[in-house]
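Asker: So you can see what is in the structure, the chains are spelled out below.
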Amino acid sequence: MRHFTNVNDLGDLKAALDEAFEIKKDRFKYVELGRNKTLLMIFFNSSLRTRLSTQKAAMNLGMNVIVLDVNQGAWKLETERGVIMDGDKTEHLLEAIPVMGCYCDIIGVRSFAQFQNKTDDYNEVIINQFIKYSGRPVFSMEAATRHPLQSFADLITIEEYKKKARPKVVMTWAPHPRALPQAVPNSFAEWMNATDYDFVITHPEGYELDPKFVGNAKVEYDQMKALEGADFVYAKNWSGYAGDNYGRVISKDRAWTVSAAHMAVTNNAYFMHCLPVRRNMIVTDDVIESPQSIVIPEAANREISAQVVLKRILEGLE
Amino acid sequence: MRHFTNVNDLGDLKAALDEAFEIKKDRFKYVELGRNKTLLMIFFNSSLRTRLSTQKAAMNLGMNVIVLDVNQGAWKLETERGVIMDGDKTEHLLEAIPVMGCYCDIIGVRSFAQFQNKTDDYNEVIINQFIKYSGRPVFSMEAATRHPLQSFADLITIEEYKKKARPKVVMTWAPHPRALPQAVPNSFAEWMNATDYDFVITHPEGYELDPKFVGNAKVEYDQMKALEGADFVYAKNWSGYAGDNYGRVISKDRAWTVSAAHMAVTNNAYFMHCLPVRRNMIVTDDVIESPQSIVIPEAANREISAQVVLKRILEGLE
Amino acid sequence: MRHFTNVNDLGDLKAALDEAFEIKKDRFKYVELGRNKTLLMIFFNSSLRTRLSTQKAAMNLGMNVIVLDVNQGAWKLETERGVIMDGDKTEHLLEAIPVMGCYCDIIGVRSFAQFQNKTDDYNEVIINQFIKYSGRPVFSMEAATRHPLQSFADLITIEEYKKKARPKVVMTWAPHPRALPQAVPNSFAEWMNATDYDFVITHPEGYELDPKFVGNAKVEYDQMKALEGADFVYAKNWSGYAGDNYGRVISKDRAWTVSAAHMAVTNNAYFMHCLPVRRNMIVTDDVIESPQSIVIPEAANREISAQVVLKRILEGLE
Chain U
6 MRHFTNVNDL
16 GDLKAALDEA
26 FEIKKDRFKY
36 VELGRNKTLL
46 MIFFNSSLRT
56 RLSTQKAAMN
66 LGMNVIVLDV
76 NQGAWKLETE
86 RGVIMDGDKT
96 EHLLEAIPVM
106 GCYCDIIGVR
116 SFAQFQNKTD
126 DYNEVIINQF
136 IKYSGRPVFS
146 MEAATRHPLQ
156 SFADLITIEE
166 YKKKARPKVV
176 MTWAPHPRAL
186 PQAVPNSFAE
196 WMNATDYDFV
206 ITHPEGYELD
216 PKFVGNAKVE
226 YDQMKALEGA
236 DFVYAKNWSG
246 YAGDNYGRVI
256 SKDRAWTVSA
266 AHMAVTNNAY
276 FMHCLPVRRN
286 MIVTDDVIES
296 PQSIVIPEAA
306 NREISAQVVL
316 KRILEGLE
Chain R
6 MRHFTNVNDL
16 GDLKAALDEA
26 FEIKKDRFKY
36 VELGRNKTLL
46 MIFFNSSLRT
56 RLSTQKAAMN
66 LGMNVIVLDV
76 NQGAWKLETE
86 RGVIMDGDKT
96 EHLLEAIPVM
106 GCYCDIIGVR
116 SFAQFQNKTD
126 DYNEVIINQF
136 IKYSGRPVFS
146 MEAATRHPLQ
156 SFADLITIEE
166 YKKKARPKVV
176 MTWAPHPRAL
186 PQAVPNSFAE
196 WMNATDYDFV
206 ITHPEGYELD
216 PKFVGNAKVE
226 YDQMKALEGA
236 DFVYAKNWSG
246 YAGDNYGRVI
256 SKDRAWTVSA
266 AHMAVTNNAY
276 FMHCLPVRRN
286 MIVTDDVIES
296 PQSIVIPEAA
306 NREISAQVVL
316 KRILEGLE
Chain A
6 MRHFTNVNDL
16 GDLKAALDEA
26 FEIKKDRFKY
36 VELGRNKTLL
46 MIFFNSSLRT
56 RLSTQKAAMN
66 LGMNVIVLDV
76 NQGAWKLETE
86 RGVIMDGDKT
96 EHLLEAIPVM
106 GCYCDIIGVR
116 SFAQFQNKTD
126 DYNEVIINQF
136 IKYSGRPVFS
146 MEAATRHPLQ
156 SFADLITIEE
166 YKKKARPKVV
176 MTWAPHPRAL
186 PQAVPNSFAE
196 WMNATDYDFV
206 ITHPEGYELD
216 PKFVGNAKVE
226 YDQMKALEGA
236 DFVYAKNWSG
246 YAGDNYGRVI
256 SKDRAWTVSA
266 AHMAVTNNAY
276 FMHCLPVRRN
286 MIVTDDVIES
296 PQSIVIPEAA
306 NREISAQVVL
316 KRILEGLE
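Just so you know, the protein sequences line up as chains U, R and A, in that order. For the first sequence, the working numbering gives the first residue as 6, with consecutive numbering after it. For the second sequence, the working numbering gives the first residue as 6, with consecutive numbering after it. For the third sequence, the working numbering gives the first residue as 6, with consecutive numbering after it.
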């Protein structure tokens, strides 16, 4: 594997899952694989889980790790050719990116949607420039439209907890005070579509996701109806995607907050969320603290998904 | 040893000191002990000595280290159940702490007293939540009421420099422009009470420490009288503890600044301070630069105290 | 080698270059040399290339690395004796520096000219205090008046690309919106003077560098004339050095921006710059993107120059 930005990069999911479970049994089995190899983790946005889990995964593989926090305000990259750089941008990406590639073997990039230009966001301008100009394998630590390390961890978690071959998985929108990117729900939908699960998406009208990601999922506007018989409830907020609603908060309706009443109509479903989660906005205290809440094991699997990805990229280095 | 937050966690001090001196002779003797083990250092407050010395100690033991700086302003954790999280706090500690525990083997936490709620500070709410929810061994890198890695290093230093079996050790308050926590003096008193030294505390009236920490120490309000015949002078500022004075600066009286005149009444005492030190507030230039000043060897012993603690926690991992 | 702050510390340049090319062939040949040795990198100023390349070089040698970012505003060191430290400076350098030396084997320091006191800048007050008080070998990661790791990388690059034994190397001033230190041009001049290259410096009147660094270089105020027949064009902005112009921007004349017209009079010269570079201020897009631009290989050699320096300091440790 060279780059990792979406589900297709991983190839056969069954093989990837087998690899994940093998690594989970012995995290240090491949500790020699990364010897004298350096991972550079570049954060344009803040991070807790991704920062820690990816660093841990790299160290499990014996890699050296360099973390570079790009302060959003302080370090502005010029992206246009022809500009006279006499303002506040001190470096052009056409120099900065290949330079970063000089000092490492693999690059991880976190760069969220900026909600300033939908086309740029959905064309993944930032991470694609790293792929084009760095000369190194690049993987997403959450890009503008996808968060594949999260989705892979979600898949691993569902495989660990599922009680039937083809569980019903319901991704439900839930309210949040701020406008969040669509990367997590897009990506989760993309990965669920790559399985044979019964996958349903529910959200208020106006919160339709990009059809490219919705794929064959059933979209149901009645949240309670969607949750009926669910084996897994995957809650997440996102801001509007379609038309003028792009990047906007359309609803803060707390009737959508996942509560015991919602869980009661499910098939004793497990509750999942990528974290961080706003309690009593996304989900009530009692649901997230219930035995059916698997948010912590889900987070723990972030180390495993990152390690499979890094292992495969390491194996692909010439 | 599972957790390390106070002197009692270390057990027999003689054995701990022997271990410290053994490690100081060969810091890399146990470099295999920490192989494939990860230390997560979490800083809610800034740090120089603790950051560097603990990281160095962990690397001496062959550990991997991840440092997480929690910007006090930016990363606000919700601590109450039942709150609708629609404000500026993006994550609840009930998720954040177990998640951090997922990606490491041992957690070090620095979290100072906040002077907003004395009961919360003296109940050590933050570090105790890490102990309760992280699922990992936790050690203090200075908590609200104690700084045990500093006190252990202080003890090692006194043992190295003392010229009699039972030296006279005087902890003296000294002025400072800002309100500082009581963690260092509390902790130093706690550790001195665990030895058979002749231990005296001196401070202006109003600066009485929590009796739990003062223990059997002699409290003497006359600084010069307290210093008479001292073998070690341990200077430190702290803010008020008792009643309405909690967290307040009551005096900036520079007559308490440790000077040559103060040192003249001692038994040619060694001068100690945990650093950073405000010169000519806490101590005069000539005293801290004199041959009797052992503040640098004292700081150097922070690596040793941290390494004993990490070694013991590593040995206690299942 | 004990310290590294200028070209003389490296001794015979031919031997140093041979060592650089040996390391470039196998970066991990000396991976055992740094075992259980710790590099402390201290940044008083921000850094991309130096941060990454020096960290990578240290890891190539098997060292442990601790990075300490000293926020310029937050962490103020008192430098004067006798001051009553009741203001915003929390620690005196006479304590801070030896303490930092306690927890490492080698110290790298980045500390730019502050343009507040020319004598202090040109006496290299900050890095010299580290040399005097840390008790450790110290190397410059760009100090007030020199950037020797950059100059050494520049020399390696010229040696790799030169087509004749004694190439003509022209360092040309170019415009920039802000006042930049003279460290890079000073240092480059110092290193070029240590070779037998034909070395020319060109800049507008008023931009004369310290004669100590200019040395035997030919200074030519007519940029086009200077560039005639050049084999290497080394562009760089700097602020005024002489008299009242110290630290000031005297000209932003974009006629000095290196363009295709400038390159046309050279001997098909290679274009070099230490980066980050302001496009269309220092150099036009077409020149920096041309096949003759070697700014990326030049940046890549920063890893090599740092590794030679660290290797030699490691070999010199008792």
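Everything labelled a hint here was simulated from the structure, so no lab data went into it. Take the hints with a grain of salt, since some may be wrong.
Same chains, same label: a pair holds when it works inside one copy or across any pair of copies.
Said to hold, decoys possible - Below are the DSSO-like pairs computed for lysine-lysine, each with C-alpha atoms no more than 30 Å apart in a straight line:
| no. | residue 1 | residue 2 |
| --- | --- | --- |
| 1 | K34 | K257 |
| 2 | K230 | K34 |
| 3 | K173 | K257 |
| 4 | K81 | K230 |
| 5 | K137 | K230 |
| 6 | K137 | K29 |
| 7 | K168 | K257 |
| 8 | K169 | K137 |
| 9 | K81 | K257 |
| 10 | K81 | K173 |
| 11 | K30 | K257 |
| 12 | K30 | K137 |
| 13 | K94 | K257 |
| 14 | K34 | K123 |
| 15 | K94 | K123 |
| 16 | K29 | K42 |
| 17 | K241 | K223 |
Asker: Run every hint past the structure and note whether it holds.
Answerer: These are the hints, each one checked on the structure:
In this assembly of identical chains, the alpha carbons of K34 and K257 never lie at most 30 Å apart, being 47 Å within a copy and 58 Å across copies at closest. When the C-alpha separation of K230 and K34 is checked against a cutoff of 30 Å, the pair qualifies neither within a copy, at 45 Å, nor between copies, at 63 Å. In the homo-oligomer, the alpha carbons of K173 and K257 lie at most 30 Å apart inside one protomer (26 Å), although the nearest pairing across protomers, at 66 Å, exceeds that limit. Within a single copy, K81 and K230 get their C-alpha atoms no closer than 47 Å, and across copies no closer than 36 Å, so neither meets the 30 Å cut-off.
With identical chains, the CA atoms of K137 and K230 are never at most 30 Å apart, being 45 Å at best within one copy and 39 Å at best between copies. Within a single copy, K137 and K29 get their C-alpha atoms only as close as 33 Å, which misses the 30 Å cut-off; across copies the closest is 25 Å, which meets it. Taking the shortest alpha-carbon separations for K168 and K257, neither the intra-copy value of 34 Å nor the inter-copy value of 68 Å comes in at or below 30 Å. In this assembly of identical chains, K169 and K137 lie within 30 Å of each other by CA distance neither inside one copy nor across copies; the values are 42 Å within and 34 Å between.
In this homomeric assembly, K81 and K257 come within 30 Å of each other (Cα to Cα) only across copies, at 22 Å, whereas the closest approach inside a single copy is 33 Å. When the C-alpha separation of K81 and K173 is checked against a cutoff of 30 Å, the pair qualifies neither within a copy, at 45 Å, nor between copies, at 35 Å. In this homomeric assembly, K30 and K257 never come within 30 Å of each other (Cα to Cα): the closest approach is 42 Å inside a single copy and 60 Å across copies. With identical chains, the CA atoms of K30 and K137 are at most 30 Å apart between copies only, with a shortest distance of 26 Å across copies and 36 Å within one.
Only between protomers do K94 and K257 lie at most 30 Å apart by alpha-carbon distance; the minimum there is 17 Å, versus 37 Å within a single protomer. Taking the shortest alpha-carbon separations for K34 and K123, neither the intra-copy value of 43 Å nor the inter-copy value of 48 Å comes in at or below 30 Å. Proximity of K94 to K123 under the C-alpha cut-off of 30 Å is found in both arrangements, the shortest distances being 22 Å within a copy and 28 Å between copies. For the homomeric pair K29 and K42, the shortest alpha-carbon distances inside one copy (22 Å) and between copies (15 Å) are both at most 30 Å.
In this homomeric assembly, K241 and K223 come within 30 Å of each other (Cα to Cα) only inside a single copy, at 17 Å, whereas the closest approach across copies is 60 Å.
Hint compliance for this structure: hints 1, 2, 4, 5, 7, 8, 10, 11 and 14 are not met, and every other hint is.
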